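**Student:** Working from the sequences, and respecting the hints, build out all of it.
Protein chains in written order, with the numbering used here: chain H, 2 to 448; chain P, 580 to 744.
Worth double-checking, as some hints may not be accurate.
Said to hold, decoys possible - In silico lysine-lysine, PhoX-like type, Cα no more than 20 Å apart, as pairs: (1) P/K644 - H/K314; (2) H/K314 - P/K645; (3) P/K645 - H/K58.
Hint data in this document are derived by calculation from the structure and do not stem from the laboratory.
For clarity, every value in this text was computed on a predicted model and none was experimentally measured.
Each chain, letter by letter, is given below.
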Amino acid sequence: MAPLPLNALLDQVEESLKSDLIPVCIFNDEEIFRAEIERIFTRNWVFVAHESEIPGKGDFVLRRIGLESVIVSRDTDGNINVMSNHCRHRGTEVCQADRGNAAHFTCPYHGWTYRNNGDWAGAPHLKEAYGGKLDNKQWGLLHAPHVDSHQGLIFASLDRDAPPLKQYLGNAAWMLDAMIGLHPAGMRVAGAPERYRVRANWKTAAENFTGDVYHVDYLHRSNEQVQTAVGLQGSCEFGRSYEMGNGHNFVGHEWVKAIHPGYVFAGYPQSYIEQFELSGLDEAQLLMMRDKPPTVGTIFPNLSFIRVASFTKIDEPPAVMTSFRQWQPIGPAELEVWNWQLVWNFMSEADAEAVYKIGQFNFGSAGVFEQDDTVAWESIAKVGASRWWRREGKHFNFQQGHRSAVDQSPDPHWTGPGIHRTTGYGEHRQLAFYRHWLKVMRENGKR
Amino acid sequence: MDAVQLRETVTQFFAFEAMLLDEGRFDDWYSLLDDALVYEAPLRLATNKRADEMVAGAYRFADDKKIIRTRIDRIQTGNASAESPPSRTVRSVSSIYILGERDGVVAVSSTIIVYRQRANDPSGDTIHARRNDRLKFTPDGLRLCARTVILAEVSLSTPNLGIFL
Chain H
2 MAPLPLNALL
12 DQVEESLKSD
22 LIPVCIFNDE
32 EIFRAEIERI
42 FTRNWVFVAH
52 ESEIPGKGDF
62 VLRRIGLESV
72 IVSRDTDGNI
82 NVMSNHCRHR
92 GTEVCQADRG
102 NAAHFTCPYH
112 GWTYRNNGDW
122 AGAPHLKEAY
132 GGKLDNKQWG
142 LLHAPHVDSH
152 QGLIFASLDR
162 DAPPLKQYLG
172 NAAWMLDAMI
182 GLHPAGMRVA
192 GAPERYRVRA
202 NWKTAAENFT
212 GDVYHVDYLH
222 RSNEQVQTAV
232 GLQGSCEFGR
242 SYEMGNGHNF
252 VGHEWVKAIH
262 PGYVFAGYPQ
272 SYIEQFELSG
282 LDEAQLLMMR
292 DKPPTVGTIF
302 PNLSFIRVAS
312 FTKIDEPPAV
322 MTSFRQWQPI
332 GPAELEVWNW
342 QLVWNFMSEA
352 DAEAVYKIGQ
362 FNFGSAGVFE
372 QDDTVAWESI
382 AKVGASRWWR
392 REGKHFNFQQ
402 GHRSAVDQSP
412 DPHWTGPGIH
422 RTTGYGEHRQ
432 LAFYRHWLKV
442 MRENGKR
Chain P
580 MDAVQLRETV
590 TQFFAFEAML
600 LDEGRFDDWY
610 SLLDDALVYE
620 APLRLATNKR
630 ADEMVAGAYR
640 FADDKKIIRT
650 RIDRIQTGNA
660 SAESPPSRTV
670 RSVSSIYILG
680 ERDGVVAVSS
690 TIIVYRQRAN
700 DPSGDTIHAR
710 RNDRLKFTPD
720 GLRLCARTVI
730 LAEVSLSTPN
740 LGIFL
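**Tutor:** Right, here's the structure in full:
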């Protein structure tokens, strides 16, 4: 059986989505993956770093936008740059360190040198080789045409025609304002991002974090058994859906109902709540953050987060962890997890260390939750390559919305943006993610 | 104890530990841990200077003995997917270098290579690390008080650290 051309695959997805189904092929297909890299990752705004990772002049981190290696630097003038890591002379990587501080990047091959803002700065044997200086902009490192940040999160787009970041984030910006804007000093990265490779398609992880609350009490039941978690069976019942448009989807939990009416602001200690600055929140943000704050979410395409009160044991003090994570596409059946633990700038060092460790214990390469997610995701990519399933035209089932006995209609009382539902059932967020994926794959294919 | 005996005792301890973990005898392994155990893997990056590789205060895991107990209990529920079925592992400990001994505690640096074939994976992962340990002499033999696992990989190629190193 010859592989179907890309447009025929996308037609299949479009047809299947009408019945809330997804063809298995999109989870492991070379053609789809190549198109995603071109149409999604080189066109959309993609997260690259948190501002706190490059606080000082000359600080840099090495990052990825899809398959592109980029340097994110704070230059000597204090500006943030996102630049291709490849030398303009022959293409060798000018930086092979994950982070550091540098006034210049010098290519190891012939010694072409660039300032930390990307400007071409010099080369060996200048007069003999080139007769004099080259134009510092024309031969500078390739810059991402758009770089901007929101609530400390730096994003870049490689598309000259990209809309402004605020427009791209849309209602997700409103969500980040509520989550990170709780305190005027904001959040910072604890340590550095942790990385590990999972033999799964990047969309599988992104989909999970749109709000797959249905898997929590089954896949992660061992945590309830050993009391590193409690109440997982209510994950869907108390789940609250926030479908924000543009492929950005979140799910929260109504902890004030699931736990007790005083369990406000995700279970943050009273001493923190007193320090939160709530006057900047609108009515819906305040209601959401107080009673049913976002637990997980995915900002299209591949940035997700989790914020949840976590334990090393339920009889030990909990800590509300916040992890941002990025699902870096490596291949059709491989992703690299980047896991940043975030802490509040106003926290004491001791509290920051405690929340970091609890965060890593639950969500990280050795995390007692995340370990099990990785292996559930890996076998999805295996069937994604199945010629048998493809020939039979088989799909994955996202049909809870049609069949659930629970009322999942949009909450008419919701005054915030997007669609809000007062249940975690329904798989609406996952479908919204894939509908947006299809739209981007179509529209950017015409450009 | 002379140097040869010390080396023999330490080598036997590592070999025993490797066997217990390879055979899934977690409770027996747990009995080799000192109550004040510190068991951690610092986060490592590729940096231009070797001295900058370790990120201060950042870990893949930073466990005490109670957390190890919880991890073992979780594996033993049989419902921890990452280790159900349990990985088949082969641990090879070598390059054992005894740094010194003081007050009944011996400091040892060694290397470990773990071959891990997880569940029904067609092929396995290999985890390479240097381990900097402190082992304490007790009437019942050596006990592990501290282990710092320095992983070779900056980005792990095994999908999770569901096993002990």
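**Student:** Give a verdict on every hint.
**Tutor:** Structure-based check of all given hints:
1. P/K644 - H/K314: holds, 13 Å
2. H/K314 - P/K645: With Cα atoms ~9 Å apart, H/K314 and P/K645 stay inside 20 Å; holds.
3. P/K645 - H/K58: violated, 42 Å
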